[in-house]
Structure formats: C-alpha cells, structure tokens
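Peer 1: Throw the hints in and build the complete structure from the sequences for me.
There are 2 protein chains.
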Amino acid sequence: MISVIILGAGNVATHLFKAFKTSSEVSVIQWYNRNLDALRPFSNQVEITNDLNALKDADIYILAVSDDVIGELSSKLPFENKLVAHTSGSVSVYDLDKKHKRAVLYPLQTFSKDAKVDFANVPICIETIDKKSYPLLKQVAKSLGSPTKRVNSDQRRVLHLAAVFVNNFTNQLYRIGHEITEGEGAEFDMLKPLILETAKKVQDMSPFMAQTGPAKRNDKKTIKAHLKLLEKPQHQEIYKLLTDSIQNTHGRKKL
Amino acid sequence: MISVIILGAGNVATHLFKAFKTSSEVSVIQWYNRNLDALRPFSNQVEITNDLNALKDADIYILAVSDDVIGELSSKLPFENKLVAHTSGSVSVYDLDKKHKRAVLYPLQTFSKDAKVDFANVPICIETIDKKSYPLLKQVAKSLGSPTKRVNSDQRRVLHLAAVFVNNFTNQLYRIGHEITEGEGAEFDMLKPLILETAKKVQDMSPFMAQTGPAKRNDKKTIKAHLKLLEKPQHQEIYKLLTDSIQNTHGRKKL
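Listed in order, the protein sequences are those of chains A and B.
Note that UniProt numbering has the first sequence beginning at 1, numbered continuously upward.
Note that UniProt numbering has the second sequence beginning at 1, numbered continuously upward.
Heads up, some of the hints might be wrong.
A pair holds if it fits inside one copy or across any two, identical chains being indistinguishable in the list.
[Claimed, not checked] Only pairs whose alpha carbons sit at most 27 angstroms apart, straight line, appear in this in silico DSS-like list of lysine-lysine:
| hint | residue 1 | residue 2 |
| --- | --- | --- |
| 1 | 99 | 221 |
| 2 | 228 | 240 |
| 3 | 200 | 228 |
| 4 | 200 | 113 |
If you're looking for bench data, these hints aren't it; they were derived computationally from the structure.
Peer 2: Now the structure itself:
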C-alpha cells in the first residue's frame, strides 16, 4: 500500500482524495489544509490537520494548492528527502524546495466542485527529478485508472497553455453562442449536439481536417452578414480574428 | 409514404439521402444533381438525373445546395405550388421562388463526408410560410429521429452564426492547441479528454457557470507567462482577446 498525504482543499485535492478512497493500492493517511473547515466534511473518512508539524510519515506528499504558494509550502514542510509532488500545469518542478525529492503529478482535465470525475478520462502528466520516484508516481496514477505520460516542464507548460485554448477559450465561445442565441429568442439548447459533435470529431480526426464553414470556404457574403448581425464590438473582433486565423491555417486570402 | 426528391450532392444531401433510406415513412424517389458523376455511386439505390425537366412529382423537393444557388435553382424548377425546402442556415425562406410553397429544413449539425451521422443528434430547424407544410416537414424530420424546432428566419440566422462560434471557431482553437503542443514535442492526444469534457460540461451547466482558468481568476502571472510562451503574434492576439472577453463576462478588470 502506498501512503499518501494530500495538502490543499481545492477541486484537484478533493477529487484526488475521493478517487484515492476507491483505490486498493493507495491509502490517504492524512489530509492537511491551512483552514480546517474545508476538510471537516471528510473528518470521518481521514485524519485531518492544519498543523504542518503534525504531518505523518508518508510515501508521497501531494501539494494540490494554488500555484503561488507551492514553493513556500514546500519549504515549510518540516522534513526532507521525502517525495513531494505538486499538481500544477504551469509551476516548475524546481519551485519545490530542493530538500525534497521533487516531482509533478499534473492531471490534465477540468475539475468542477460538484461534477463527478472519472479518472480514466484524466491523463496525468508525470515529472520527476530522481529516477526512482517515477515508477511510484506512475503506479499511483494507474491506480486511479488514469492514462499517464512522462512530460518535462517545457512540455507541461505548453500543455497547460493549450488547455487554456481548448477549455477556457472554447468555453467562452460557447458562452458567446449562448449570449447571441438567447438574445434573439433562439435556444442555446439547439447548439448542444453540435458542441458535442465538434469535440467528438477531433478525437479521431485532426482539427485541420475537421474544419468547415464560411471562413474556410472564404464565403465573403456569409462572413459579412454575420459581422453585421453581431451587436457587440468585441464579438465582431473575435469573429474577425478567428476567421482570419482559420484562413491563415487553410491558406485562404485575408478578409 | 412521403415522397421526396433531393437536389444537390454535397454532405447534407448525401447524409439526408442515407438517413431517408432507413426511414419507413419517407421515400426518396429521385436524386438530382447538375453533375451526374457525384450521384453515380447511388444509381443502384435511387433514380438519378441531371435534367430538371425530368423531375417527377413528389411531396417535397429538398434543395441541399450552396447558399448562392438556392434562389436560382428554385426559379428553374419547371413546376409550381409544390413544397420546396432549402437546408441553409443563413439563406432567407424568401430567397426561394414564390411560385413554390416555400420552406426551410435546416439541420443544425456539422457534416463530414465520411463520418457517420446519427440524426438523433441533429436538431432540425423548420420554417414554413404556409401552415399546412409544417406538420409534413415535422413528420419528415421525426422519421429521421431528429428533434425538431419551429424557428423563424431571424432565429435561424442567429443559430447559424452561433454555430460558427461553437463549431468552426472552437475547432480552430483545437487547431491552435494542436500547433502549440506538437511544436514543443508534447502530444495533442493528451488534450482530447479535456476537449470532450469541456463540451460535455455545458450539456448540463451554463457556459457561464462552467468557466475556470487564469482569465476568470485574473491570474496575471500565468497570463503573462502564457503570452510569452506563444510564438505566433496571432496566437497572442487570440489569447488576449478571449482573455479579455472572459473577464468582461465575469466582471474582472482588464489586462
């Protein structure tokens, strides 16, 4: 049994805790958070603490905390030479205090507080400095059913950046779709199957091959009509910029 | 049995033909295209023609052709007072020659040549000018298993515009994700579960509620690092504009 202590009480920490509870290979022996209130709902399932000096001995300490406190928290840990992994997409493994065996366990997925997470759909990017820690972290990820990938800091940073495009920015395009349909008495619900199909399509086909629409066809008449239909200047800007981007990708003339 | 003649040989025409073949309520009795070659693979399944004067009598004529030829083709049809429907998201129902009973049957989905289409996931927007045509078109759509919705021209235009955002523009964000990961030796495949989850999330939750990430949190350090990491000026522009859009939506300060 691999013993784990989780530090932090955000979405990633909570989903990891819940997932580890179902694992037969990993046992969460303690859960730390500065503010104990966030952990109280779990106090009958695991030992909780807000005292770093009370931390037990464990095989792995997982720091699932905000990017800007990872370094400081790792320095404050009152032990050394133990495996300490953070879960951030953008923080370097070297931000962890060098007194530890430093590593990263970055789950590449969007976590909501309430939505249930199936870790089979959560690729976990692993980075370790010492070679021995890698198989252990891989075993931990596998025990959740997650696909794993060894990813260095540069690759992880780029995956996190790309995740902002395909998740946050894509979601904002959904939001704009929501605004412009509901604003005209049309139903956003009508777009939901299209949203799902667009995401499904690139599971087997490159986004390059999957592209269709007025920008790719350079259908100037439709593009012009759409720009006229958009009421918010920023929506027009986004329309123009992404149309231009599609035309750059597909070698069409600019607007 | 409702008799249908399809005009056009693009993706929509082809997927409609294939779907109608499995319907017990609709029979495609003829398929027209200006260029007969595109229809030859189906010549053992349906009568094909490239001669408008050879068109048979049918309950519905479906014009699944390019936006810019809908009006002209409808004028050339050598009959009147028959139900003629186009399938475009952006063309007015009044673009059809007024000698016909004019209608629109707009499938709100992305169609690829090779990908199989399940019409249960294709909402069909119906618009008719005369009241009698509506139940007939609704029956046709239902026979494909499609959800249907009565949608006027303004609503349809706005749905088509929103579809460009949630389909074409979203797909371009996937493309950018592909470019920036593969450019750094990371794997786009790692992002596929996230892409799917992002689309699934808004099936039950508003895009407003689903938003996360550095733009929403106004995490300036990460935003700055991401902009530095992006090599193409246009990718930086897109990053800035969509970050700004998210912050406008969620009431954060501008960059």
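Peer 1: State for each hint whether it applies.
Peer 2: So, going through the hints one by one against the coordinates:
1. 99 / 221: Answer is between; shortest inter-copy Cα gap is 26 angstroms, intra-copy 63 angstroms.
2. 228 / 240: So residue 228 and residue 240 pass the 27 angstroms test inside a copy (12 angstroms) and across (23 angstroms) alike.
3. 200 / 228: neither (31 angstroms within a copy, 31 angstroms between copies)
4. 200 / 113: both (24 angstroms within a copy, 15 angstroms between copies)
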